[in-house]
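Chemist: Produce the complete structure using the sequences and hints provided.
If you read the sequence shown in our numbering, its first letter stands for residue 18, the second for the next number, and so on.
These aren't lab readings, by the way, just hints derived from the structure by calculation.
Fair warning: this is a prediction, and the values are worked out from it, not measured in the lab.
Virtual Cβ for every residue (Gly too), placed ideally from N, Cα, C.
Be careful, since some hints might not be right.
[Stated by the list, open to error] Restraint-style ranges between C-beta atoms, simulated for each label pair:
| hint | residue 1 | residue 2 | range |
| --- | --- | --- | --- |
| 1 | T500 | E532 | 33 to 39 Å |
| 2 | D525 | T575 | 38 to 44 Å |
| 3 | S454 | E330 | 52 to 58 Å |
| 4 | A551 | V462 | 14 to 20 Å |
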Amino acid sequence: MDVIDEDGRLFGAVNVVDALVVLVVFAIALAGIALVTGEGPAPETGERYVTLDFGTQPSGVAEELDVGDTSPLAGELGNLTITDTYMMTSDSGVRVFARVAVTGRTTERQFTFDGEPLRIGRRIQFQNDTYVVNGTIQNVGNATGLPVRERTVVLRDTVPAGVAQGIERGEEITAGGRTTGTVNDVAVYDARGPDRRTVYVEATLQTLMRDGAARFGGTPVEAGRTIRLPVAGSQYNGTVERVGGGLDRRTDEAIVTGVVDADTAAQLTVGDTYSVAGQEVATIRNLTVYDTGTPDRKRVYAGLSVRTLGFGEEPRFGSVAFGQGATVRFGNQSYEFDASVVRYGTADLRTGTEEVLVTDVVDVDIADRLAEGDTYTVAGQPVATVESLVVYGTDDPDRKRIYVGLSLRTVGFGEFPKFGVNQSVREGATIPFRTRSYELAGEIVRVGTLEQPGDPAERTLTLRMENVPPERADSVEQGLTETNGGQTVAEVLDVQVEPAVVTLTSEDGEIFEREHPVNKDVTLTVELQVREQASGIRFKGRILQEGNEIVFDLGTTTVRATVVELEA
Numbered sequence: 018m019d020v021i022d023e024d025g026r027l028f029g030a031v032n033v034v035d036a037l038v039v040l041v042v043f044a045i046a047l048a049g050i051a052l053v054t055g056e057g058p059a060p061e062t063g064e065r066y067v068t069l070d071f072g073t074q075p076s077g078v079a080e081e082l083d084v085g086d087t088s089p090l091a092g093e094l095g096n097l098t099i100t101d102t103y104m105m106t107s108d109s110g111v112r113v114f115a116r117v118a119v120t121g122r123t124t125e126r127q128f129t130f131d132g133e134p135l136r137i138g139r140r141i142q143f144q145n146d147t148y149v150v151n152g153t154i155q156n157v158g159n160a161t162g163l164p165v166r167e168r169t170v171v172l173r174d175t176v177p178a179g180v181a182q183g184i185e186r187g188e189e190i191t192a193g194g195r196t197t198g199t200v201n202d203v204a205v206y207d208a209r210g211p212d213r214r215t216v217y218v219e220a221t222l223q224t225l226m227r228d229g230a231a232r233f234g235g236t237p238v239e240a241g242r243t244i245r246l247p248v249a250g251s252q253y254n255g256t257v258e259r260v261g262g263g264l265d266r267r268t269d270e271a272i273v274t275g276v277v278d279a280d281t282a283a284q285l286t287v288g289d290t291y292s293v294a295g296q297e298v299a300t301i302r303n304l305t306v307y308d309t310g311t312p313d314r315k316r317v318y319a320g321l322s323v324r325t326l327g328f329g330e331e332p333r334f335g336s337v338a339f340g341q342g343a344t345v346r347f348g349n350q351s352y353e354f355d356a357s358v359v360r361y362g363t364a365d366l367r368t369g370t371e372e373v374l375v376t377d378v379v380d381v382d383i384a385d386r387l388a389e390g391d392t393y394t395v396a397g398q399p400v401a402t403v404e405s406l407v408v409y410g411t412d413d414p415d416r417k418r419i420y421v422g423l424s425l426r427t428v429g430f431g432e433f434p435k436f437g438v439n440q441s442v443r444e445g446a447t448i449p450f451r452t453r454s455y456e457l458a459g460e461i462v463r464v465g466t467l468e469q470p471g472d473p474a475e476r477t478l479t480l481r482m483e484n485v486p487p488e489r490a491d492s493v494e495q496g497l498t499e500t501n502g503g504q505t506v507a508e509v510l511d512v513q514v515e516p517a518v519v520t521l522t523s524e525d526g527e528i529f530e531r532e533h534p535v536n537k538d539v540t541l542t543v544e545l546q547v548r549e550q551a552s553g554i555r556f557k558g559r560i561l562q563e564g565n566e567i568v569f570d571l572g573t574t575t576v577r578a579t580v581v582e583l584e585a
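Modeler: This is the structure:
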């Protein structure tokens, strides 16, 4: 029998078209039954990894959290397992992040845990027999560990002296019982406040990468940010000064100057060391002290070796950039002072002895006290010595013109050697000289020598005093001398007195010479101690020429006479 006959019937009994319709209806019915009953492919178990931010937790809870802790999902397929942790201190506890393996359901369409997909921002509870914490999903991925990276940073903060003393190299920074960083180095400086210190900390921190940036304590690790470290039993709030490097300690040299009180100046000594929190930060290598215009204040020049930090564009000493013009502090248990850097890169004051000739007009009692060998001492250090002395009379019997040859202790780090309060040693400058019994301020007339220009010599001159009163003429006698400090600079060899000749003019304009009835003309022959040089003869520091006036202090009288003739 044919399967389909010539009339289109199946096995001769059922029409083929009708049979196909019945089969389609049956298939649809089966599909509907399957949809209603939910029967289909069996679900599979899958695993994903998320980063959970558990927020700030009490330290006790944070210490219990550990890798391997699990949290089963009650009544459902799935559980949570901690694979990595990261913790940091905060104001009220410990901030906790964890990498968690999430076991859940997976189908062809998605992965779910507790019936919901893993989305950033979703809250998930982690619970076991020891603790219960809630975390927020920060990241979803396949990595089993947290993106923790080491960062070396330099931080700066101002803290109480006791805290500064307690911060030590090698100290571990911990949170929740875990080490999150290590103090590699500490540099401490005075902070110019009572019991305050500027502290630089070089630390290696375990940072958490979030949003492309390394973070510590939730703060991006970048210059200018403030990072909190629990060190020395206190909170250190350090401003980030450098990322990726250390303190770069170095030793620099500089010359500094400052004005200090006399007691401090007397205590200063080469070799004195400035220490802060047990760390040596500066040492005096060279020292010179001078007077100022105030008796109890002294000018100090000190060559220092200084422990600086070289991590920036300029070396740092404390909170200041260490270089020309910077103000730095130096001190110890006995004293402290502030000084300005006047030369960077050397501690050599280039101290030396400079010979100068100075001149001044002083009271006669000062001239009498002056003597070769007198020493000018400041803070126990000799700074100048009288090597030569010449004293001349003036037209005021109570005042003397002095020429003093001085050897000066100078500092030579500038264009010119310096002496005293930033005074350059050059012609025209004024140099002080003090002892217990006198003081003077001489103008430098020569540098590099103690003597007046020229060679010493004796000269005999003819001088004339015209139309002087008879008592003046009678006051000058042969043998009178100008002598000062045991040195005779002029001696009267001869005196000739004659009536003064005066010129008269008559009413009709005629000119007559007549003897004055009273006044006298006096001719003097005088031997002088002079200085001879190619340009002429010097007496009392001035070139002598015919027609010049010379003043003599002859003890009993002061004479002003005109040079008539210069004899050999």
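Chemist: Confirm or reject each hint.
Modeler: Consistency of the hints with the structure:
1. T500 / E532: 33 to 39 Å: holds, 35 Å
2. D525 / T575: 38 to 44 Å: holds, 42 Å
3. S454 / E330: 52 to 58 Å: 54 Å Cβ-Cβ, so the 52 to 58 Å window holds.
4. A551 / V462: 14 to 20 Å: Since the Cβ atoms of A551 and V462 sit about 18 Å apart, the hinted range of 14 to 20 Å holds.
The structure agrees with every numbered hint stated previously.
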